[in-house]
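Protein chains: 2
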Amino acid sequence: MQSKKKGNIFIISAASGTGKTTLVSRLLKNNADLRVSISHTTRAPREGEEHGVHYHFVPKEEFESLISKKAFLEHANVFGNYYGTSIAGVESLSNEGFDVILEIDVQGAEQVRNVLPEACSIFILPPSLEILAGRLKGRGTDSADAIATRLAEARREIGEAAHFDFIVVNDDLDRAEADLLHIIKAGRLKRQAQQAFLDGLLENS
Amino acid sequence: MQSKKKGNIFIISAASGTGKTTLVSRLLKNNADLRVSISHTTRAPREGEEHGVHYHFVPKEEFESLISKKAFLEHANVFGNYYGTSIAGVESLSNEGFDVILEIDVQGAEQVRNVLPEACSIFILPPSLEILAGRLKGRGTDSADAIATRLAEARREIGEAAHFDFIVVNDDLDRAEADLLHIIKAGRLKRQAQQAFLDGLLENS
Chain R
1 MQSKKKGNIF IISAASGTGK TTLVSRLLKN NADLRVSISH TTRAPREGEE HGVHYHFVPK
61 EEFESLISKK AFLEHANVFG NYYGTSIAGV ESLSNEGFDV ILEIDVQGAE QVRNVLPEAC
121 SIFILPPSLE ILAGRLKGRG TDSADAIATR LAEARREIGE AAHFDFIVVN DDLDRAEADL
181 LHIIKAGRLK RQAQQAFLDG LLENS
Chain C
1 MQSKKKGNIF IISAASGTGK TTLVSRLLKN NADLRVSISH TTRAPREGEE HGVHYHFVPK
61 EEFESLISKK AFLEHANVFG NYYGTSIAGV ESLSNEGFDV ILEIDVQGAE QVRNVLPEAC
121 SIFILPPSLE ILAGRLKGRG TDSADAIATR LAEARREIGE AAHFDFIVVN DDLDRAEADL
181 LHIIKAGRLK RQAQQAFLDG LLENS
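The listed protein sequences derive, respectively, from chains R and C.
So the first sequence is numbered by the UniProt record's numbering: it starts at 1 and just counts up by one.
So the second sequence is numbered by the UniProt record's numbering: it starts at 1 and just counts up by one.
No wet-lab data here; the hints were simulated from the structure.
Given the structure is predicted, the values throughout are model-derived calculations rather than measurements.
There may be inaccurate statements among the hints.
For identical chains, the list gives no copy identity; a pair is met inside one copy or between any two copies.
[Unchecked claim] Mimicking DSBU-like on lysine-lysine, the simulated pairs with C-alpha atoms at most 35 angstroms apart in a straight line are: (1) K185 x K29; (2) K137 x K190; (3) K190 x K29; (4) K5 x K137; (5) K5 x K190; (6) K137 x K70; (7) K185 x K60; (8) K69 x K6; (9) K60 x K190; (10) K69 x K137; (11) K29 x K137.
Extracted from the complex, chain R is given alone in its bound form:
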């Protein structure tokens, strides 16, 4: 009676240091019907990175050809390297019935919203900027100046949260993971997603 549902698309953004990557990893580990979209990039693979797992590593010419074919939901050039989310990749996962997470920055999120207004966007906030500053310092890899620059950038990104559909505060990883799951599960219960079941119920009776 019920045909396979297309999965929904979720944009997840955050300021750096907010725990986004940890939360997305947990969600993927605990939910078999979730996938993260694997980005294309022209940068060189780092130690341990695999093609098709961490990124689709492609030459610059191929990336630019994909741009000209409008093959990306969003793309950006960061310090000379391209990064992008392929429309075909996301559509294929969604058609297989997976909910698809796009783990992207606020500029990418804006591009996706323009192309796919039905995508659900979630911004992850730190409990406070003081705690975010503590987390960035705790990494111990950056100078005081670099941390100040990243905090100013975080503040700017957090200002963009006003354009997102949902806001999750990462004050506790378990709670934040549960909150993300509430949003994702609710997406499957929207009437549009249940329409085939509803039609079947009324037809086959």
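Guided by the hints, dock chain C onto chain R, whose structure is given.
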């Protein structure tokens, strides 16, 4: 930093026999920040029913005076008795920070949607009309004719599910309760509901 949030308003409707009342009771029992709106009615209390708990029992003149003051979110006259949901009652619970459930029929839901477009509406479906028929027969209190009439009515009501925001299938009480909770919790994570926290984060830094 975070001021007390207003609760959200959830319309929950279903065809009779779908398990709506059981599910709402479970939700209320397991979630301290949820309340159900207590309706006004002009019908006489039945054995065991308490004023202010099951209904606000009021005289017909008072009910009609409330109608003329536009004091109801929705109201109806069923077999000569009035039933209605008071705006003041719902607002008061929401202002105290409770999420408020309106357990009402599809006509009432339509009235509420017109007045409160921000209310979130959920329709509970049976897994199939055969199973619904089985449940209605299982009660053993109605004649075959009465059951046929109620099934036809259920079919008509289920047709109205197309106007609701979310659809939950009650094939398993635990699963359906979890689904309702996903929708209710996601409501608390909407950007509009989190705006005060977001503003505080950017101000106090």
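To see whether the hints hold, each was checked on the structure:
1. K185 x K29: both (16 angstroms within a copy, 22 angstroms between copies)
2. K137 x K190: between (42 angstroms within a copy, 31 angstroms between copies)
3. K190 x K29: both (24 angstroms within a copy, 25 angstroms between copies)
4. K5 x K137: Result: close only across copies, 32 angstroms inter versus 44 angstroms intra.
5. K5 x K190: both (12 angstroms within a copy, 24 angstroms between copies)
6. K137 x K70: neither (40 angstroms within a copy, 58 angstroms between copies)
7. K185 x K60: For K185 and K60, neither the intra-copy (38 angstroms) nor the inter-copy (44 angstroms) Cα distance is at most 35 angstroms.
8. K69 x K6: within (25 angstroms within a copy, 47 angstroms between copies)
9. K60 x K190: Neither way: K60 and K190 sit 40 angstroms apart in one copy and 39 angstroms across, limit 35 angstroms.
10. K69 x K137: neither (42 angstroms within a copy, 60 angstroms between copies)
11. K29 x K137: Only inside one copy: K29 and K137 sit 28 angstroms apart there, 44 angstroms across copies, limit 35 angstroms.
Violation of the numbered hints given earlier is confined to hints 6, 7, 9, 10; the remaining hints are satisfied by the structure.
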